[in-house]
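Undergrad: As a plain string of letters, each chain reads:
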Amino acid sequence: MNAAEERVVARLRDAAGAVGETVGEVPPFPEARRTGWWAPVLAAVTAAGAVVVTAAAMTVGVGVVAVGRAPEYFAVGDEHDVVFRRSDTGQETGRFPVPEAGLRFGLLASARDGFYVSASADACATRFFRVRLGPGGEVARAEPLTVELPEGTRPVSMAVSADGARLAYGLSRCPGAGANGVERLGVTDLAGGGSRVFASHREGMVSRLSVTGDGRFVAFQRTGVEVSLSAVDGREVPEGTVSAWRGVFGVKSGIPEVWVLDVGAVGTGTGGGDLGAARRVELRAASDVPMGMHGVRISADGRSFTAALGPVHSDGKGTGVIVRFDAGDGGQTEVLHRDGTSGLRLLGGDASGDHPLVLRGDEIGTVGTDGYRMLLRVREPTGVRIAW
Amino acid sequence: MRVETLHLGRPEHAETVGDLYANHALGLTRLALVILGDRESAEDVVQDAFLGLHRRFRGLRDPAKALVYLRSAVLNNARSVLRRRRLPSWFAGTYEPPVWSAESAAMLGDERRAVMEALRRLPTRQREVLLLRFYADLSEEETAQAMGVGRGTVKSTTHRALGALGRLLEEER
Numbered sequence: 001m002n003a004a005e006e007r008v009v010a011r012l013r014d015a016a017g018a019v020g021e022t023v024g025e026v027p028p029f030p031e032a033r034r035t036g037w038w039a040p041v042l043a044a045v046t047a048a049g050a051v052v053v054t055a056a057a058m059t060v061g062v063g064v065v066a067v068g069r070a071p072e073y074f075a076v077g078d079e080h081d082v083v084f085r086r087s088d089t090g091q092e093t094g095r096f097p098v099p100e101a102g103l104r105f106g107l108l109a110s111a112r113d114g115f116y117v118s119a120s121a122d123a124c125a126t127r128f129f130r131v132r133l134g135p136g137g138e139v140a141r142a143e144p145l146t147v148e149l150p151e152g153t154r155p156v157s158m159a160v161s162a163d164g165a166r167l168a169y170g171l172s173r174c175p176g177a178g179a180n181g182v183e184r185l186g187v188t189d190l191a192g193g194g195s196r197v198f199a200s201h202r203e204g205m206v207s208r209l210s211v212t213g214d215g216r217f218v219a220f221q222r223t224g225v226e227v228s229l230s231a232v233d234g235r236e237v238p239e240g241t242v243s244a245w246r247g248v249f250g251v252k253s254g255i256p257e258v259w260v261l262d263v264g265a266v267g268t269g270t271g272g273g274d275l276g277a278a279r280r281v282e283l284r285a286a287s288d289v290p291m292g293m294h295g296v297r298i299s300a301d302g303r304s305f306t307a308a309l310g311p312v313h314s315d316g317k318g319t320g321v322i323v324r325f326d327a328g329d330g331g332q333t334e335v336l337h338r339d340g341t342s343g344l345r346l347l348g349g350d351a352s353g354d355h356p357l358v359l360r361g362d363e364i365g366t367v368g369t370d371g372y373r374m375l376l377r378v379r380e381p382t383g384v385r386i387a388w
Numbered sequence: 001m002r003v004e005t006l007h008l009g010r011p012e013h014a015e016t017v018g019d020l021y022a023n024h025a026l027g028l029t030r031l032a033l034v035i036l037g038d039r040e041s042a043e044d045v046v047q048d049a050f051l052g053l054h055r056r057f058r059g060l061r062d063p064a065k066a067l068v069y070l071r072s073a074v075l076n077n078a079r080s081v082l083r084r085r086r087l088p089s090w091f092a093g094t095y096e097p098p099v100w101s102a103e104s105a106a107m108l109g110d111e112r113r114a115v116m117e118a119l120r121r122l123p124t125r126q127r128e129v130l131l132l133r134f135y136a137d138l139s140e141e142e143t144a145q146a147m148g149v150g151r152g153t154v155k156s157t158t159h160r161a162l163g164a165l166g167r168l169l170e171e172e173r
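Heads up: the sequence lines are chains S and D, in that order. Under UniProt numbering, the first residue of the first sequence carries the number 1, and numbering increases by one thereafter. Under UniProt numbering, the first residue of the second sequence carries the number 1, and numbering increases by one thereafter.
Looking at chain S on its own, in the form it has when it is part of the complex:
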């Protein structure tokens, strides 16, 4: 290897190492808590009889959910357009293209009064728009919002309170501004003006935001925190306990968790806040719920969390369970839906919090009293932007 090649290798090692180190832990071993998984015969059944299993598994353990009606329209977006569709037929009813040449849409969220989308023309100039629909789902009005982000930052996740009064966003530094630095979460009062930024002493970002109906509590997950592996210890496993399985597979973390921050008053002159005051809630699932969390949201009333649990394989298969937890103690209160053949990711939900949006293989759907209902099929499920 010559000197030039050695320099390339050094740069490659440095960059790839930095990317790799953003992962500090891995999920627990797939379906580890289902002891039946260990039996090879089940693996054979899964491969050979997937269709048969589906019909049986879809009806098992489904609780009562969804109080009100599901939203009439949903929005899907890419960099150039946000497209609005009917929830029952999938028919396109309206379209909001980028309002200026060079702008690219980013994040998408919804509230009772409309849809919210971020857009940027360069790496560090983010704008926000609110789109209201008419009675037929057409775009009735699109307006820019006044949101002033801290200098040198950009939003990486976003949520809106059900009444549309508060916009919450996780922040990272703009490209070229160096390392990301500490976690920051911003909240803007869209009705009265003014913003408040909460920062912590931990490096990383906050992600997967959701907000209570009144915008007072923001739930989120944290990234960039290193968790080391512990040594593999004993094999004696009390049935259904999370900690014991962590011992078997040597993974110290893996317990689903969500953080909740009381943002209090937000307005002009309210100043900054301490993200370190956020409360950690450990979600304690029952023993028959597989591990691995793929999204969590706080309910509109702030009393519960809805989470997608269970393994999701790269082909979309897996064992998905939508579970509701008590926001006070993190205890499981209800299984909303079980899917015996496909993994589920929680993408969002409506303003009431009663209608989760889930990704199931190459489908996006919702979970209601009648079980799972597909809204649309996608060719590229990863990175999808959807709200309702």
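Treat each hint with caution, since some may be false.
[Unchecked claim] Which residues of chain D face chain S? A partial, calculated answer using Cβ under 10 Å:
1. Ser41
2. Glu43
3. Leu131
4. Arg133
Worth flagging that the hints you see were computed from the coordinates, not collected in a lab. Where a beta carbon is used, it is the ideal one built from N, C-alpha and C, also for glycine.
Using the hints provided, position chain D relative to the given structure of chain S.
TA: Using the frame of chain S, we list chain D on its own:
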């Protein structure tokens, strides 16, 4: 309750799938992350690889080569994910994995982001050989086994890939 553990062959190779997961899942996930650019996909392909190992472990001619199987499976699963991403989506536009996104630049810094973007522009085989050799620190023989190619191919591909990556990085300046 006692959990049935899976022994991968003779007693001297009595490493269980659980042991392999504890020892190698993190490294394989990091490798998959660098290839794919997003963590969820990386975790998925690694867990799939371990599930595949579990299904096939009794059929492994040499259980000591379980790790070789895992590396190959991760590469194959990652290729499948990348192939799917190339398909046009009727609504979602081109997917940009988070690692290559503007957000990641804030985490990584411009220099590292430039390297990762250049790496992404390489042909799949060149990218894989560089990562296996210089990120995962595998030998030429181990890299050849993981990729299912000959050692000579690894050698020549490495040489071409280093040259190509160097040129791409020069273009960035």
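Undergrad: If a hint holds in the structure, say so; if it doesn't, say that too.
TA: Against the structure, the hints come out as follows:
With 10 Å as the threshold, the beta carbon of D:Ser41 comes within range of chain S, its nearest partner Cβ sitting at about 6 Å, so the hint holds. Of the supplied interface hints, the one on D:Glu43 holds, with its beta-carbon coming within about 6 Å of a beta-carbon of chain S, less than 10 Å. The restraint placing D:Leu131 at the interface with chain S holds, with a minimum CB-CB distance near 6 Å, inside the 10 Å limit. Checking D:Arg133 against chain S: minimum C-beta separation of about 9 Å stays under 10 Å; hint holds.
Checked against the numbered hints listed earlier, the structure breaks none of them; every hint is satisfied.
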